[in-house]
Structure formats: structure tokens, C-alpha cells
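Participant: Protein chains in written order, with my numbering: chain A, 708 to 752; chain B, 47 to 560.
In short, the hints are calculated from the structure, not lab data. We put the CB at the ideal spot given by N, CA and C, even for glycine. A hint or two may mislead.
List time: in silico DSBU-like cross-link candidates among lysine-lysine, alpha-carbon distance up to 35 Å [unchecked claim]:
1) Lys227(B) <-> Lys740(A)
2) Lys219(B) <-> Lys740(A)
3) Lys117(B) <-> Lys227(B)
4) Lys495(B) <-> Lys740(A)
These stretches of chain A come out as covered by chain B in the derived footprint (C-beta under 8 Å, 3 or more residues) [stated by the list, open to error]:
5) 708-718
6) 730-738
Coverage of chain B stretches by chain A, computed from C-beta distances (three or more under 8 Å per stretch; other residues unrestricted) [stated by the list, open to error]:
7) 320-334
8) 365-371
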Amino acid sequence: MNSSALTLMVFAMGTVTLLTGYFFYRVLTAKPKPEPDSYTDDDED
Amino acid sequence: MANTESWGSRVGLILAMAGNAVGLGNFLRFPVQAIQNGGGAFIIPYLVCFLLMGIPLLWVEWSMGRFGGRKGNHSTPFILHEMDPKRALWKYIGVFGIFTNIAVAAYYCYLESWTLSYLWHSIAGTFNGQTADQVAGFFGNYVDINTSTTGIPFEPIVFWLICLLLNTWILAKGLSGGVEKVAKVGMPLLILFGIFLAIMAVTLKSGDHGAVNDGTVGLNFLWTPDYSSIWTAKVWLAAAGQIFFTLSVGMGSIQCYASYVKKKDDIALNAMSAGWMNEFVEVVLGASIIIPISIGYLGIDRVVEMTQSGGLGLGFKTLPYLFTQWGPTLAMIAGVCWFGLLFFAGITSSLAMGTPVMGFLKDEFGWKHKNAAWFFGLIILVLGLPCVLYFKEGVFDEYDYWAGTVGLVVFALFEIILFAWVFGMDKGWKEINAGADIKVPTIFRFIIKYVTPLFIGGVFVASLPGIWEKITATGLPWQVHAARVLLLLMFATTCWFVRVAYMKRKANLKNWTK
Numbered sequence: 708m709n710s711s712a713l714t715l716m717v718f719a720m721g722t723v724t725l726l727t728g729y730f731f732y733r734v735l736t737a738k739p740k741p742e743p744d745s746y747t748d749d750d751e752d
Numbered sequence: 047m048a049n050t051e052s053w054g055s056r057v058g059l060i061l062a063m064a065g066n067a068v069g070l071g072n073f074l075r076f077p078v079q080a081i082q083n084g085g086g087a088f089i090i091p092y093l094v095c096f097l098l099m100g101i102p103l104l105w106v107e108w109s110m111g112r113f114g115g116r117k118g119n120h121s122t123p124f125i126l127h128e129m130d131p132k133r134a135l136w137k138y139i140g141v142f143g144i145f146t147n148i149a150v151a152a153y154y155c156y157l158e159s160w161t162l163s164y165l166w167h168s169i170a171g172t173f174n175g176q177t178a179d180q181v182a183g184f185f186g187n188y189v190d191i192n193t194s195t196t197g198i199p200f201e202p203i204v205f206w207l208i209c210l211l212l213n214t215w216i217l218a219k220g221l222s223g224g225v226e227k228v229a230k231v232g233m234p235l236l237i238l239f240g241i242f243l244a245i246m247a248v249t250l251k252s253g254d255h256g257a258v259n260d261g262t263v264g265l266n267f268l269w270t271p272d273y274s275s276i277w278t279a280k281v282w283l284a285a286a287g288q289i290f291f292t293l294s295v296g297m298g299s300i301q302c303y304a305s306y307v308k309k310k311d312d313i314a315l316n317a318m319s320a321g322w323m324n325e326f327v328e329v330v331l332g333a334s335i336i337i338p339i340s341i342g343y344l345g346i347d348r349v350v351e352m353t354q355s356g357g358l359g360l361g362f363k364t365l366p367y368l369f370t371q372w373g374p375t376l377a378m379i380a381g382v383c384w385f386g387l388l389f390f391a392g393i394t395s396s397l398a399m400g401t402p403v404m405g406f407l408k409d410e411f412g413w414k415h416k417n418a419a420w421f422f423g424l425i426i427l428v429l430g431l432p433c434v435l436y437f438k439e440g441v442f443d444e445y446d447y448w449a450g451t452v453g454l455v456v457f458a459l460f461e462i463i464l465f466a467w468v469f470g471m472d473k474g475w476k477e478i479n480a481g482a483d484i485k486v487p488t489i490f491r492f493i494i495k496y497v498t499p500l501f502i503g504g505v506f507v508a509s510l511p512g513i514w515e516k517i518t519a520t521g522l523p524w525q526v527h528a529a530r531v532l533l534l535l536m537f538a539t540t541c542w543f544v545r546v547a548y549m550k551r552k553a554n555l556k557n558w559t560k
């Protein structure tokens, strides 16, 4: 592969893979939110 | 009867949303678009469009969905109505979010059934020993109702019906019991199959099994940038179009899925996770399979010529033959992986198309879940049959153009105006950030209000000459005209259903306040 093609491919694939992994990791490690526990919490805004 | 469905888990929701976005276009359309629009340089306008149009629309649609769901609305007519109750117009604009899903599902199920059929033929070894022309001719014979490739009479109809029944049966199982389970199995398998095929493609060596080029020659061709191309409007339009198709924005299915999210749950991070997962499948896997393998065996010139008619030809007419060069066992494994991943990409999208219709029927007319699912199956049967019977006359392409192309842009344009300018960015920004597990960069407030509407408006204006050309085209077969009438009837009928539902709501409110 020529260097410009290789650079662009590695940059694009690397960025996309890293961001996909990062966001999915954030989902997996996010603390679950508590369920509404009162009538006030459950009210509409 | 209250619509009380919900998602079983957060990962399940994200995989279902990613599955909704990941479709056959990730593998067949994206690499062809890249080749035709500046090679590697295409990634620059593509990613810019993703940042300025794709991500904002994802946040807007997810937050619209959660907002509507909070008030018991699970389809776009009344989600949009809820955002601006004073104007009657929005609920009819929201009809696009039901109509588009029905019309796209009508032809998409047929496309999906091809993958199921080719999966079967890969296992049965149908393509072994056939010449390139025979494998290419197989597709033409397959879509011809009068020719049977296996001895089964009306073979495309049989596979289409199996596919339709499977979709309907899964939808009838519910969100967490059907759609989510399929996504949890289908998406990991799709990625696994994709990685296997990408490795096979990239490690292809010239001289092995008749290959004339290394797999990396295809990658080199695909990624070599022609930077002069990024200054042309055509390339930007192609990039914007690809972002629309790939993310399934402007359809109403994201709003529907998001309407089952709990009111305090995050949508900002979920939207990012599902959106980037789709980008991974498209940019990393989609770019590494079809082009490297095709160029490996056929050379650059032949593949460039073949891509003029789109990616479907390469995927269905060429790849099965190229797999047979690897020997019967590997050909079967590669065929199962390729058509298996296309099938999972297809079914996770078509299931998403069923849920808005079902949500509407359940919310507004109190239908039971199973009845709504089978009714959706019936509509697709009626509307999809012309696609199957008159595929060669262009009915399939007609549905794809009006519903799957024009419909998406029109609806996205209206919804971004509603969200940013009518509902208002103050409320809209609050909705996006409510319960967020990430900090949404403030710059996106400006982008959603000004840049994204201008971007989508630009895409719409640029597509007007094409629309005019389509409308004024002469010499079209009667089947194409009939398809247009059918689509118009479908839209008008959905408007009528929305009107009836609205009157019913008004009557209920009157009775309640008495």
C-alpha cells in the first residue's frame, strides 16, 4: 500500500475503532440509575 | 390497553439500535460510494457529515423518542404533535415516520430474503463448479418468478414469505422477548463473521487459488485519496446521502425504539455508542471485505466497471463465485459468513421498521401486541408483493427512491426544524442532556440549531432536480406508475388513521373533563 492510503486507512479505522470501544466501555461501566422511588420523582416535568 | 413494553437491558437497547442502523448498505453501498467519490478522501466529507448531521440527528431523534414515550406516544405522528400541540400540521408530518417504515420494509424484506436464499445455496454448494457467468446468471434466474433455481416453484416468493413470517413472528414476541434477543445474537455474530471475512480478504495472496492481486491491492485502491475530489459538491452530497442511509435517521424507527427508554435514563451516551458501532461496521468491516476480494480476483478495472451499477451486483453475482475459488469447504464457510452477516444486518433493520406501526396501533387503537405484529406482516405482504412480482420492471427501485431516499430527507428536515426552532433549543438541549452519562459538547447546541438544518436543507435542495427528473420521466412501465399510486394511497391512508386517532383522543379528553 502507498503511504498516503495506509495513513488515511489507519487514521480512519483507528479513530472509529477507538471511539466505538470507548463509548461502549462507558456504557458497560456506567452506574445504573435508581428507579423512581416517590410520587414526586415519577411526576411529569 | 396501555403500551407498557420496555427494553430488557441497556446493552440490548444499544445492540438493537446499532442493528437498526447497520444494514446491507454498510457492506455493499459504502465501499462503492468511496470508490466513486475520491477513494480514501471520501472519508473526510463522510466523517464531517457524520459529525455535523449524523450525530446531531441521532441525539435529536433519541431525545424526541424519550420525550414522546414519557407521555405514552411511541410513534412519530403523536410524538411530533406532543412537541407542538398547537399546530395540527406536525402529526401529519409524523406520518412519514410510519409510512417510510412500511414502504421500506416492503422492499427490504425481499432484499433480506435473497440473503436467506443465498445462505441456503452456499450451504447446499449450489455455486461449486459453476463458471463466473453461471453464478452471475443465477441471480437473474432467481428474481425471475418463472424460473426456479432449485426446483422449488416460485422460489423467490417462498423465501420472501419465510422471511416475512420470521420477521412477524419475532415482532410478535415483543421488544425484549423478540427484537432485543435477535440483536443480542445477531450483532455479535455479524461482527464475528465480518472480522473473519476481512481477515480472509486482507490476507489474500496473488497466485493463491487463482487470485491475480494481493488483498492489500484492493485496500490500497479504496483508500488512496484523491484530495481534489473533496472540493466538489457531488462528493459532499454522496457523503451526506451515505450518512442518512447508514444511520437510519429520518425514518421514525429511532424515535420509536427510544420511546421505550425510561424517562431518567441516558440517551446521549447510548446514541453515541450505537452510532459509532454502526461506523465501525461500515468503515472498518465494510471497507475490508467486498473490494479487496473482488480486486484480488478480478483486477481494478473490472471492479470499477462493475461498481457503476452499485454494490448489489458485486455482493450477489460476483462474491459467491469468488468464494468457490477457495475450495468447497471454505467456500461454504465464507458463503455462510457473508450471507449470514448480510441477513443479520437486514433483519435487525427490518424489525426496527415494524415497531413504529405497532406502537401506533397499540397506543391509539388499543390493539394487542400480537395482533399489531400480524397486521404489520399483512401490510408488508400486500405492499411487498408488487416488488417481488415486478422486480425487473423497477417497482423495487421506485419504493427505494421515494420512501428510502426522498422520504428520509424530507422527514429529517421537518424534524430538525421542529426540534431546534419550534420546540426550541432551550427545551431541546435540556432533553438531550437529561440523565446523560456523558457531557455533550456545548458546540452541538449551535450545530443542531444552525448547521444541521442548513446541511439537510442543502441535501434536499440538491436532490430537487433528481426528483423533478423522476416525476417527468416518460416511457415508464405501468408497474412503476401503479407503485407510485400504491405509495400515495399508503400515505393517504396513514394520514386518515392519524386523523381518526386524533379525533378519538379529543373525544376521550372531552369525556374525561365532563
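Participant: Decide, hint by hint, whether the structure agrees.
Facilitator: To see whether the hints hold, each was checked on the structure:
1. Lys227(B) <-> Lys740(A): holds (23 Å)
2. Lys219(B) <-> Lys740(A): It holds: about 27 Å lies between the C-alpha atoms, which stays within 35 Å.
3. Lys117(B) <-> Lys227(B): holds (26 Å)
4. Lys495(B) <-> Lys740(A): Holds: Lys495(B) and Lys740(A) sit about 30 Å apart, inside 35 Å.
5. 708-718: With 7 residues in contact (Cβ-Cβ under 8 Å with chain B), the coverage given for the stretch 708-718 of chain A holds.
6. 730-738: holds (count 6)
7. 320-334: With 7 residues closer than 8 Å to chain A, the stretch 320-334 of chain B meets the three-residue bar; holds.
8. 365-371: violated (count 0)
Of the numbered hints given earlier, the model fails hint 8 alone.
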